[in-house]
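There are 2 protein chains.
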Amino acid sequence: MSENKPVRFGILGCAEIARKVSRAMRLAPNATIQAIGSRSIDKAKKYASENGFPDSAKVYGSYEAVLDDPEVDAVYLPLPTSLHLKWAVLAAEKKKHLLLEKPVALNVSELDKILEACESNGVQYMDATMWMHHPRTAKMKEFLSDPERFGKLKSVHSIFSYDAGPEFFKNNIRVKPDLDGLGCLGDAGWYCTRAILWAADYELPKTVTALREPELNEVGVLITCGASLSWGDGRIATFYCSFLTNMTMDITCGGTKGNLRIHDFVIPFQENVGQFYTASKSTFAQLSLGCGPIPSEHAVTTDLPQEALMVSVFAGLISSIERNDSKPEKKWPAISRKTQLVLDAVISSIQKGFQPVEVGN
Amino acid sequence: MSENKPVRFGILGCAEIARKVSRAMRLAPNATIQAIGSRSIDKAKKYASENGFPDSAKVYGSYEAVLDDPEVDAVYLPLPTSLHLKWAVLAAEKKKHLLLEKPVALNVSELDKILEACESNGVQYMDATMWMHHPRTAKMKEFLSDPERFGKLKSVHSIFSYDAGPEFFKNNIRVKPDLDGLGCLGDAGWYCTRAILWAADYELPKTVTALREPELNEVGVLITCGASLSWGDGRIATFYCSFLTNMTMDITCGGTKGNLRIHDFVIPFQENVGQFYTASKSTFAQLSLGCGPIPSEHAVTTDLPQEALMVSVFAGLISSIERNDSKPEKKWPAISRKTQLVLDAVISSIQKGFQPVEVGN
Numbered sequence: 001m002s003e004n005k006p007v008r009f010g011i012l013g014c015a016e017i018a019r020k021v022s023r024a025m026r027l028a029p030n031a032t033i034q035a036i037g038s039r040s041i042d043k044a045k046k047y048a049s050e051n052g053f054p055d056s057a058k059v060y061g062s063y064e065a066v067l068d069d070p071e072v073d074a075v076y077l078p079l080p081t082s083l084h085l086k087w088a089v090l091a092a093e094k095k096k097h098l099l100l101e102k103p104v105a106l107n108v109s110e111l112d113k114i115l116e117a118c119e120s121n122g123v124q125y126m127d128a129t130m131w132m133h134h135p136r137t138a139k140m141k142e143f144l145s146d147p148e149r150f151g152k153l154k155s156v157h158s159i160f161s162y163d164a165g166p167e168f169f170k171n172n173i174r175v176k177p178d179l180d181g182l183g184c185l186g187d188a189g190w191y192c193t194r195a196i197l198w199a200a201d202y203e204l205p206k207t208v209t210a211l212r213e214p215e216l217n218e219v220g221v222l223i224t225c226g227a228s229l230s231w232g233d234g235r236i237a238t239f240y241c242s243f244l245t246n247m248t249m250d251i252t253c254g255g256t257k258g259n260l261r262i263h264d265f266v267i268p269f270q271e272n273v274g275q276f277y278t279a280s281k282s283t284f285a286q287l288s289l290g291c292g293p294i295p296s297e298h299a300v301t302t303d304l305p306q307e308a309l310m311v312s313v314f315a316g317l318i319s320s321i322e323r324n325d326s327k328p329e330k331k332w333p334a335i336s337r338k339t340q341l342v343l344d345a346v347i348s349s350i351q352k353g354f355q356p357v358e359v360g361n
Numbered sequence: 001m002s003e004n005k006p007v008r009f010g011i012l013g014c015a016e017i018a019r020k021v022s023r024a025m026r027l028a029p030n031a032t033i034q035a036i037g038s039r040s041i042d043k044a045k046k047y048a049s050e051n052g053f054p055d056s057a058k059v060y061g062s063y064e065a066v067l068d069d070p071e072v073d074a075v076y077l078p079l080p081t082s083l084h085l086k087w088a089v090l091a092a093e094k095k096k097h098l099l100l101e102k103p104v105a106l107n108v109s110e111l112d113k114i115l116e117a118c119e120s121n122g123v124q125y126m127d128a129t130m131w132m133h134h135p136r137t138a139k140m141k142e143f144l145s146d147p148e149r150f151g152k153l154k155s156v157h158s159i160f161s162y163d164a165g166p167e168f169f170k171n172n173i174r175v176k177p178d179l180d181g182l183g184c185l186g187d188a189g190w191y192c193t194r195a196i197l198w199a200a201d202y203e204l205p206k207t208v209t210a211l212r213e214p215e216l217n218e219v220g221v222l223i224t225c226g227a228s229l230s231w232g233d234g235r236i237a238t239f240y241c242s243f244l245t246n247m248t249m250d251i252t253c254g255g256t257k258g259n260l261r262i263h264d265f266v267i268p269f270q271e272n273v274g275q276f277y278t279a280s281k282s283t284f285a286q287l288s289l290g291c292g293p294i295p296s297e298h299a300v301t302t303d304l305p306q307e308a309l310m311v312s313v314f315a316g317l318i319s320s321i322e323r324n325d326s327k328p329e330k331k332w333p334a335i336s337r338k339t340q341l342v343l344d345a346v347i348s349s350i351q352k353g354f355q356p357v358e359v360g361n
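First to last, the sequence lines map onto chains F and C. Each step along the first sequence adds one to the number in UniProt numbering, with nothing skipped, and position 303 is 303. Each step along the second sequence adds one to the number in UniProt numbering, with nothing skipped, and position 159 is 159.
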């Protein structure tokens with residue numbers, strides 16, 4: 001890959017989510033779609049055509065062929081989670097940078113194999129958690145980092161739920177134990193967990209305790225669950241995720257001096273602008289006849305949707321590695337791993353009858 | 001008390017909160033301030049004058065004198081919780097209707113003695129949970145009861161926190177083990193618990209599990225805590241309350257078909273109007289490029305502040321009892337008792353090392 005040329009992406013599989021991410025690759029100025037591979041070449045051809053892939057994009061009848069294409073710099077891997085270990089490791093071994101759809105692995109031991117393969121092959125790893133890249137996220141972090149406006153973090157509550165509907169419960173990979181075995185925890189809970197870690201500056205909690213009475217489908221996959229997290233220093237967090245509850249995508253952070261709320265953190269209601277709400281030094285009015293301030297709305301606009309920014313940031317890191325012969329950025333694998341560690345602790349707590357579980361390293 | 005005459009209130013003690021509630025008595029069309037008693041008659045005189053009591057209001061140098069005044073129909077009791085049992089029972093025995101400030105008692109066994117005294121003396125009991133009486137609360141309940149707009153309740157999260165400040169931690173009754181021994185749980189947690197029960201149509205949860213790592217002050221009073229509640233049927237709730245976290249007063253309800261959010265449920269930002277926010281049948285846009293609907297704001301105006309409505313409802317019940325020689329309304333003692341049962345379960349769970357506790361009857 002020569003300097004100033006866009007990073008060339010290969011896509012493994014014809015996942016629904018890849019429609020959105022391939023659009024992001026078309027929108028990102030420093031990325032292009034180089035190839036797609038599916039076990040069915042006809043499916044891949046149809047998919048490429050439906051999703052506006054450039055004529056130059058190669059269409060392959062296997063995942064291997066994408067990995068073997070020397071013109072593919074980076075791979076986007078949206079396959080079911082149970083296939084991540086195999087294909088992510090293979091991609092890294094073929095020296096392809098890896099944009100890995102979440103949930104990234106079935107557990108941290110699998111993820112560690114993936115991360116080791118990426119590190120030893122000098123390729124960049126990033127999980128495809130889009131909201132991290134919305135400029136709103138940085139603006140919110142500014143607020144949370146402000147000792148005057150927010151103070152010290154005390155509490156976080158996060159919710160990601162949606163009413164998935166009957167078709168989903170019949171056919172979606174997210175409710176199949178052999179495909180996405182972490183169910184709603186891996187899907188929606190991934191975001192809640194990431195939101196909590198993000199608010200806590202990625203400091204792992206000491207203990208994680210699953211909420212009692214998660215809901216499972218008839219084949220034992222989680223379809224509603226939650227947990228509480230504690231850091232041992234007065235910070236606590238809770239989250240709730242479900243495939244059965246109307247769409248809610250909230251983060252509520254409480255600090256000693258302020259609070260922050262957001263209601264569409266995973267996918268903004270609107271593509272070009274995202275809101276969040278803050279209040280600082282709130283007090284009761286005289287005689288407690290009211291209180292204030294009324295939370296302020298902050299609207300953050302973005303020229304590119306968050307998923308295009310994600311692709312662009314990832315491609316930028318790759319260009320920098322290639323240009324400078326430098327090492328991959330370690331932040332992204334580190335926070336991905338921490339997210340997985342918390343998910344693992346939730347599963348472990350459920351298995352141990354909702355006892356508190358120390359978060360691993 | 002003759003028909004159409006306002007209910008005549010006696011107030012026990014010169015509590016800060018009674019300034020607001022005595023104002024409410026002046027605003028409510030069917031109530032009047034008849035008397036106030038304090039252990040110091042000078043303090044009571046000053047208080048009556050500062051708070052615009054009518055000239056006709058009696059000022060007594062003891063609580064007993066208020067209870068012995070035959071022209072007092074009802075007593076408002078805002079004393080520290082540790083004194084509630086004694087004075088509430090005495091008030092009931094003197095045939096005074098009882099508006100009891102929260103937290104109503106140190107535990108349900110104390111509350112039961114109060115409720116028994118009220119019942120056997122035929123007096124109305126109500127706890128002073130003001131937000132129950134805001135017309136917004138009824139509007140929100142309409143939404144939660146709508147099978148199309150909200151569906152079945154799945155989750156509730158409630159927060160009530162405020163940054164109480166150094167003066168509070170030195171002197172306030174809410175952090176003194178011999179006065180308000182339930183600390184932030186009895187104060188702020190009372191509202192969260194009531195909100196959750198309200199959302200669940202006052203069905204008690206099966207189990208309550210305290211969140212780990214509550215914070216205590218140096219004399220062992222709770223200053224931050226939380227809990228999860230479960231009903232055993234897929235409904236779960238969590239709450240967080242604190243004296244250390246910037247003011248937040250949220251209820252977030254998730255149903256199968258909708259959600260509801262409110263950010264000032266305890267004390268509305270503004271006295272004459274209260275907002276809440278709902279969304280129904282939310283879905284992702286095509287390709288998940290957005291989602292909707294954006295939550296709708298509902299603004300509910302009120303001519304009288306919620307505390308005046310509370311006084312008015314309470315006075316109305318009393319008038320009805322006196323007029324018709326009928327029994328007191330049982331709803332109010334029942335929901336007060338359920339709230340106390342949940343608080344007791346939180347305390348018990350903390351004492352048992354954060355194990356789940358079955359909620360008593």
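To be clear, the hints were calculated from the coordinates, so they are not data collected in a lab. Because the structure is a prediction, the values reported are computed rather than measured. Check the hints yourself; a few may be wrong.
Unchecked claim - Label-pair ranges, simulated between beta-carbon atoms: (1) Gln351(F) - Thr283(C): 32 to 42 Å; (2) Asp201(F) - Lys43(C): 27 to 37 Å; (3) Gly353(C) - Pro177(F): 55 to 65 Å; (4) Gly292(C) - Lys46(F): 42 to 52 Å; (5) Ala138(F) - Leu289(C): 52 to 62 Å; (6) Ala285(C) - Asn171(F): 18 to 28 Å; (7) Ala285(C) - Gly61(F): 25 to 35 Å; (8) Thr283(C) - Lys139(F): 39 to 49 Å; (9) Gln355(C) - Ser40(F): 49 to 59 Å; (10) Pro135(F) - Phe284(C): 18 to 28 Å; (11) Glu148(C) - Ser40(F): 11 to 21 Å.
Cβ atoms here follow ideal geometry from the backbone N, Cα and C, with glycine treated the same way.
Structure-based check of each hint:
1. For Gln351(F) and Thr283(C), the Cβ-Cβ distance of about 33 Å falls inside the hinted range of 32 to 42 Å, so the restraint holds.
2. With their beta carbons about 49 Å apart, Asp201(F) and Lys43(C) fall outside the hinted range of 27 to 37 Å.
3. For Gly353(C) and Pro177(F), the hinted distance range of 55 to 65 Å is not satisfied, since their beta carbons lie about 33 Å from each other.
4. Restraint check, Gly292(C) to Lys46(F): a C-beta distance of roughly 29 Å breaks the suggested window 42 to 52 Å.
5. Between Ala138(F) and Leu289(C) the C-beta distance comes to about 21 Å, which lies outside the given range of 52 to 62 Å.
6. The hinted range of 18 to 28 Å is satisfied by Ala285(C) and Asn171(F), whose Cβ atoms lie roughly 21 Å apart.
7. In this structure the supplied range 25 to 35 Å holds for Ala285(C) paired with Gly61(F), their Cβ-Cβ distance being about 32 Å.
8. Against the hinted window of 39 to 49 Å, the Cβ-Cβ separation of Thr283(C) and Lys139(F) comes to about 27 Å, which falls outside the hint.
9. The hint said 49 to 59 Å for the Cβ distance between Gln355(C) and Ser40(F), and at roughly 53 Å that hint holds.
10. Take Pro135(F) and Phe284(C): their Cβ atoms lie about 21 Å apart, and the range 18 to 28 Å holds.
11. A hinted range of 11 to 21 Å is violated for the C-beta pair Glu148(C) and Ser40(F), which are about 41 Å apart.
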